[in-house]
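Note that the protein sequences, when read in sequence, are chains Z and A.
Using this note's numbering, the first residue of the first sequence is number 1, and each one after it goes up by one.
Using this note's numbering, the first residue of the second sequence is number 1, and each one after it goes up by one.
In short, the hints are calculated from the structure, not lab data.
Backbone N, C-alpha and C define an ideal beta-carbon position, used for all residues, glycine too.
No incorrect hints appear here.
Below, a sample of chain A positions facing chain Z; criterion: calculated Cβ distance under 10 angstroms:
1) THR2
2) VAL190
3) GLY215
4) SER221
Over 12 angstroms on every C-beta distance to chain Z, these chain A residues come out as not near it, computed from the model:
5) GLU24
6) GLU70
7) TRP74
8) GLY87
9) GLY94
10) ARG117
11) ASP125
12) LEU132
13) PRO157
14) ARG160
15) VAL162
16) GLY172
17) THR204
18) GLN231
19) THR277
20) ARG284
2 protein chains.
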Amino acid sequence: MTRRDLPATVDIREVGPRDGLQLEAPLPLQDRLAILKALAKTGLRRIEATAFVSPKAVPAHSDAELLADELERWPHVEFSALVASVGGARRAVGCGVANLEYVISVSEGHSQANVRRRTADATADIAEIAQLVHQAGGQLEAILATSWDCPFDGRTPIERTVEVAQRAVALGADRICLADTIGTATPLRVTSLIHAVREAIPDTEIAVHFHNTRGSGLACSLAAVQAGVTQLDASVGGLGGCPFAPGASGNIATEELIYMLEESGVHTGVDLDTVLTAAALVERAVGHQLQSNLFRATVQT
Amino acid sequence: MTRRDLPATVDIREVGPRDGLQLEAPLPLQDRLAILKALAKTGLRRIEATAFVSPKAVPAHSDAELLADELERWPHVEFSALVASVGGARRAVGCGVANLEYVISVSEGHSQANVRRRTADATADIAEIAQLVHQAGGQLEAILATSWDCPFDGRTPIERTVEVAQRAVALGADRICLADTIGTATPLRVTSLIHAVREAIPDTEIAVHFHNTRGSGLACSLAAVQAGVTQLDASVGGLGGCPFAPGASGNIATEELIYMLEESGVHTGVDLDTVLTAAALVERAVGHQLQSNLFRATVQT
Chain Z
1 MTRRDLPATV DIREVGPRDG LQLEAPLPLQ DRLAILKALA KTGLRRIEAT
51 AFVSPKAVPA HSDAELLADE LERWPHVEFS ALVASVGGAR RAVGCGVANL
101 EYVISVSEGH SQANVRRRTA DATADIAEIA QLVHQAGGQL EAILATSWDC
151 PFDGRTPIER TVEVAQRAVA LGADRICLAD TIGTATPLRV TSLIHAVREA
201 IPDTEIAVHF HNTRGSGLAC SLAAVQAGVT QLDASVGGLG GCPFAPGASG
251 NIATEELIYM LEESGVHTGV DLDTVLTAAA LVERAVGHQL QSNLFRATVQ
301 T
Chain A
1 MTRRDLPATV DIREVGPRDG LQLEAPLPLQ DRLAILKALA KTGLRRIEAT
51 AFVSPKAVPA HSDAELLADE LERWPHVEFS ALVASVGGAR RAVGCGVANL
101 EYVISVSEGH SQANVRRRTA DATADIAEIA QLVHQAGGQL EAILATSWDC
151 PFDGRTPIER TVEVAQRAVA LGADRICLAD TIGTATPLRV TSLIHAVREA
201 IPDTEIAVHF HNTRGSGLAC SLAAVQAGVT QLDASVGGLG GCPFAPGASG
251 NIATEELIYM LEESGVHTGV DLDTVLTAAA LVERAVGHQL QSNLFRATVQ
301 T
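Just chain Z, same shape as in the assembly (with noise of 0.2 angstroms):
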């Protein structure tokens, strides 16, 4: 590997408001604007909000409509959301968030379990969500869940998610974010999987999401730079999962992925020192330890 290997920049989307949060005991309002504020002043330039979903399912995003009222602050910023059905996305471009990330399993065990549906199923209301989205002036991304492994169904082939991943973007998906949902990729899986999916839809962006729970999360992310990828997610802290959950394992920390790529020469626009600033607000409105090394190194010292 060498710095032609790597791109000149790259563009970091910040998931913790969304991801992070998701599994925590929901937080009031006021802090999560708080978290918010701490983050669009880092040089992030989009960052996930929050998430349209079953109130019932997920606590923590209920008032997702309250959120997405306040948003307009941050002018700056480009804020999504992830909705997991049509009446999400009505949900969300009714109150003015119409960049959204629409979640599909690419595995049948993790579609009924997340949905129950279908993966072909969840699949075709691109087409609905699409024109709703398109018709706000957004642009939207099929998120892809269990791209590599499905804790269900074990190993996801490859070319299913290829086959997902065509149809996604046949039916109006404007990019395709790969997600290593339950964090067991490896870096070699990533690049072939990146080759693959990019070779069956060239026009396509393609970003991808690690956990990481079996520490190979910023060894993804580095396979994923050097196949091209230039869209990835992170999170501050390495919010993500849950103290109390079996096995979770948040995201790749933002200020780990940062640290690693700048230093590497690649560009991410974003301020190492003013995430940290972000995490430690995080850690305390979340009021547990975050996972992140660089962040336990900084606030050891």
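Chain Z is already provided as a structure; the job is to place chain A on it using the hints.
The following block gives chain A in isolation, referenced to the frame of chain Z:
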């Protein structure tokens, strides 16, 4: 990166019993022997068992002689010990430990802090230590601490690390280990240094030793393996550092390294589940949580 960029096999040296335990409160000899016993079952072929250093500076290893006496129990494992002086090497060889790691600091600041000597003077002792080791039928590895960065002097110039490596080999070291003492290395810098060192000492084996202080340890390990390195240090459970020491952080976790490499088709010869069993034993012995994400995910399920 493709499968062809990676070697077929690598050799992991377990350093938990030495580096991992050195900042912990001293464990009883029986506990350390139980840990060695558990590690000897994993398929690990090399284990750094202890250190012959100042008992005052490192009380955790003050009874290195007693531990050394027991190592013949596991004849299938190649045990080694760390030393920081000619006197330490004499102690080690005197009780039958012939494979030694002699640690020298590339940066003057760290050399002063660690052994109160100039780098050149500490390096010069390799001649005498190599003679002791070779007469005893062992191999001498020179560990180059602060190969990338120094906590006192900042960035270590590549030329300086290369120069110390060259001199160490000229004086009789059989292998060079590039150590990221404070866990600041990043993948591209790893590649650059390995290439530079290899060019200077093309016939000498190069090993690497990473800490995970900023989360990049596995990504650095993969970069090293991509650059042709097949000797890597790791620590069971990510043991190392100390919960009470500012900013301290452990080595990369043996089980996380095995997982990433085996999933990439690189054979380690080590059984992941047996390492996790050993990690559980280590966690009980040290009495606090180990940092390895993979281990944590396992014990929580």
